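Residues per chain are reported as follows:
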Amino acid sequence: MAVTKVVMPRLSEQMETGKIIKWLKREGDRVQSGDILAEVETDKADVEMEAFGAGVLRKILMPAGSTAPVGSLIGVIAEPGEDISALDRPGGPEMASRPAAVPPQPRREDPAARTPAPAAGPDRPGVSATAPGPPQPARPAAPAAAPAAPAAGDAPGRVKASPLARKIAAQSGVDLRLLQGSGPGGRVVRRDVEAAATSAAAAPAAPRPAVAPGVEFEDRPLSQMRAVIAKRMPLAKAPVPHFYVTSEIAMDRVWALREELNGLEGQPKISINDFVVRACALALLDHPGVNAAFQGESIRVFHRAHIGIAVALEEGLITPVLRDADAKSLARIAVEARDLAERARARKLRAPEMSGATFSISNLGMFDVAEFSAIINPPEGAILAVGSVRTVPVVTEAGLGVGRRMMLTISCDHRVMDGAMGARFLQDVKRRLEEPLRLLV
Amino acid sequence: MAKTFDVVVVGTGPGGYVSAIRCAQLGLSVATVEDDRPGGVCLNWGCIPTKALLRNAEVLHLVESAERFGIKVDNVRADYAEAVKRSRGVADRMAKGVEFLFRKNKITLFPGTGTLKSRTTVEVAGAGGAETLEAGHAVILATGSQPKSLPGVSIDEKLVISSTGAVRAETRPTSIVVIGAGAVGMEFADVYASYGTQVTVLEALPRVLPIEDEEVSTLLGRLFSRRGITLKTGVKVTAVKPGGPGATVETDSGRLEAEQVLMAVGRGARTAGIGLESLGIQLERGFVKVSPAMETSVKGVYAVGDMAGAPLLAHKAMAEGVVAAEAIAGRHPRPIDYGNVPSCTYCRPQVASLGLSEARAKENGREVTVGKFPFTASGKAVALGETDGFVKVVADKATGEILGVHIVGPEATEIIHEFAVGRTLEATLEEIMHTIHAHPTLSEAALEATLAALGQAIHI
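Chains as they are written, first to last, in our numbering: chain V, 1 to 441; chain B, 1 to 460.
Be aware that a few hints might be false.
Okay, derived cross-link-like pairs now, SDA-like style, lysine to any residue, Cα gap no bigger than 20 Å in a straight line [as the list claims (entries may be wrong)]: (1) B:Lys-232 to B:Pro-206; (2) V:Lys-22 to B:Lys-232; (3) V:Lys-25 to B:Glu-430; (4) V:Lys-160 to B:Thr-424.
Just so you know, the hints here were simulated from the structure itself, not pulled from any lab data.
In this text, all values refer to a predicted model and were calculated from it rather than measured experimentally.
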């Protein structure tokens with residue numbers, strides 16, 4: 001039988017629901033396997049959803065703008081004349097049948113793709129939940145049990161907005177879901193978006209939609225990303241026993257080296273963070289105990305250094321992964337990190353670029369932060385929090401001088417490692433940063 | 001003994017009668033005061049009777065050009081007096097319609113001149129004596145406007161006539177100088193020229209219909225000239241005197257003679273003698289200053305229509321009338337979008353526009369895309385034999401926002417509204433593009449101009 005069910009694919013490890021931004025095929029369109037059916041917004045990015053069967057897209061069960069749990073039936077591909085009457089309602093989990101849509105596939109041989117998902121068994125590749133494969137009836141994840149119809153109502157549904165408002169929002173980066181529409185029936189119209197865009201430009205840290213006088217607060221629906229963060233952070237913090245180790249790094253030589261490197265024509269501009277990424281990547285290979293993940297019955301030690309770099313977005317944060325950072329030059333790291341950050345802000349990351357980190361770095365240096373500590377992103381074993389490079393008085397053998405200093409704080413999973421391991425790793429990072437020529441060779 | 005109503009409306013033109021009806025619909029008791037006939041200038045002396053005259057001009061043109069359609073008509077005789085009679089009949093019928101609507105909505109009409117005595121008191125001086133009306137909720141002023149003249153020239157409605165005089169006169173002059181090439185000037189030039197009067201139109205600004213898009217003015221100027229109407233732009237009139245066949249018009253570029261002169265240089269608000277000063281109601285550039293809810297500077301006194309500011313258009317007055325009524329009834333009406341009021345001239349061919357001209361859009365710093373579609377490429381227009389004109393769409397390049405629409409051609413004044421609805425809904429070029437337009441219609445030109453702005457026109 002040539003009926004192919006189109007189900008909401010799992011496009012990232014944490015994804016539990018996906019919002020259909022738009023269907024690129026319409027009911028009645030003939031589709032080939034591999035055609036892009038729709039664009040789906042996940043907690044992390046906007047991803048294209050491919051067809052996994054050929055035929056005619058007979059039914060679209062979840063219209064654009066609606067949200068569906070992973071695995072639920074959202075459409076039907078079948079030959080004309082095929083009886084699909086049993087499938088004309090948006091369905092619950094379809095995991096037992098062959099999924100009709102797959103996300104862009106990571107290379108299967110890429111060990112990064114084998115980073116386990118938090119809720120998964122030790123041997124299940126993290127992104128394979130969406131890959132065609134054997135039935136997985138024992139999935140414990142919540143969405144499998146969630147009824148489909150109310151789920152569409154749970155999540156922020158269709159935003160009422162004028163076509164012009166949508167276009168201006170798309171061009172100015174305003175999130176329509178955060179706006180209070182002033183048009184008929186709460187419709188978001190041009191002036192709402194323009195007001196939001198103007199106030200966002202005036203105060204880039206926090207867009208302030210126009211607030212009616214006398215209104216003391218408003219309840220904003222959680223964005224997909226915020227909802228995931230809210231759900232995951234308690235699970236990241238409470239069950240994971242954190243300990244913290246802080247060290248001060250003399251940054252004078254990195255600073256000077258960076259100025260020199262950035263003075264070279266035709267070279268990409270290198271940031272302080274790029275140095276930190278490179279130093280950590282090299283140190284991780286020498287300290288495999290830190291480049292490790294707690295597995296319940298075992299500790300998985302990674303042989304590659306895939307560094308997650310936290311990127312702040314208006315509605316949350318996202319941690320794209322710079323793979324094999326130990327094998328990449330500073331210039332290459334600089335180029336790739338910038339590209340990842342830019343695409344993260346545009347929400348144009350592909351699913352494999354958002355998973356598989358073995359270690360993460362969070363840098364708040366641009367906010368003039370002396371030091372802070374970060375929450376580990378499970379299943380990773382540690383995360384490094386990077387403060388600002390500050391000019392401070394320093395005591396040397398010659399007496400009192402002025403130097404550039406930066407504080408690094410590593411948060412470690414005590415189930416994986418102990419204080420001394422964290423301290424030794426940090427010491428190694430410090431040595432590499434204080435003797436930065438080591439990072440060039 | 002004063003008579004008390006919830007609302008007293010002074011003036012029953014489009015602003016006044018609509019606000020009165022809307023107030024009544026919202027459960028308020030309403031009195032209206034009118035010193036002429038219900039319906040105001042629009043129904044009696046403006047919009048409606050001129051449309052009737054223009055229709056006569058159009059029918060005459062069709063008959064005279066019937067040979068194009070293979071129809072031979074001999075001995076065509078057009079009686080101008082009959083045209084005016086028909087026009088009066090149309091106006092009478094519409095004015096009676098307003099009286100009927102007043103009765104239907106239980107609105108009391110007080111004939112006479114209304115004067116504000118206080119925030120809540122209107123004194124009516126009528127033929128049958130004086131009445132004092134008390135307004136429990138609010139007073140709505142809707143006294144309209146009157147024709148303006150040039151300094152030193154008085155409108156005597158004999159030698160120098162206004163549109164009101166022109167619409168009444170059962171004879172037409174053999175020659176006329178029309179001063180002002182706005183909508184009124186161009187419409188009367190059309191009527192007179194169609195009936196055979198030698199018409200000269202003078203305009204101080206560099207082009208006819210100076211508020212329209214430049215391409216509109218250029219085309220209309222060319223079409224009028226082709227009909228034998230003399231157009232002189234950039235001309236300043238310095239004096240109008242009796243002399244020659246009737247009147248002599250002195251300008252900075254020479255002297256003109258004609259049997260009559262039609263003064264069509266614009267209209268001014270009627271604000272005198274209705275008690276505005278004593279109440280301290282503020283004016284702004286000759287018009288009554290109002291809030292977005294149409295309330296004047298004095299609480300409880302509202303003003304709508306021509307007296308409340310530009311544009312001086314009946315449809316804008318009606319919209320304001322509704323806003324004022326709803327505000328008085330305690331609703332919170334949506335303020336009028338003055339950037340989305342269609343402007344229409346009913347000459348042949350018709351002119352209609354909305355929003356910004358191409359030049360103004362660019363002055364505002366917008367990067368625009370312009371789409372234009374001529375009626376010569378429209379099947380319906382060719383079948384009608386009315387191919388003069390075009391639809392021009394000016395849109396924002398980045399967003400497709402429809403910034404302005406400019407139409408010259410058959411039924412331009414009807415075609416404009418799809419863009420007005422589109423703009424109200426904040427539709428962009430794409431939504432117009434995805435709207436299937438019936439074939440063959442004149443409205444297809446709207447679709448094609450939209451497609452042209454997107455670089456996708458099919459039929460050109």
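Against the structure, the hints come out as follows:
no. : hint                   : result
1   : B:Lys-232 to B:Pro-206 : holds, 9 Å
2   : V:Lys-22 to B:Lys-232  : violated, 57 Å
3   : V:Lys-25 to B:Glu-430  : holds, 18 Å
4   : V:Lys-160 to B:Thr-424 : holds, 15 Å
Violated hints amount to a single one, hint 2; each of the other numbered hints is respected by the structure.
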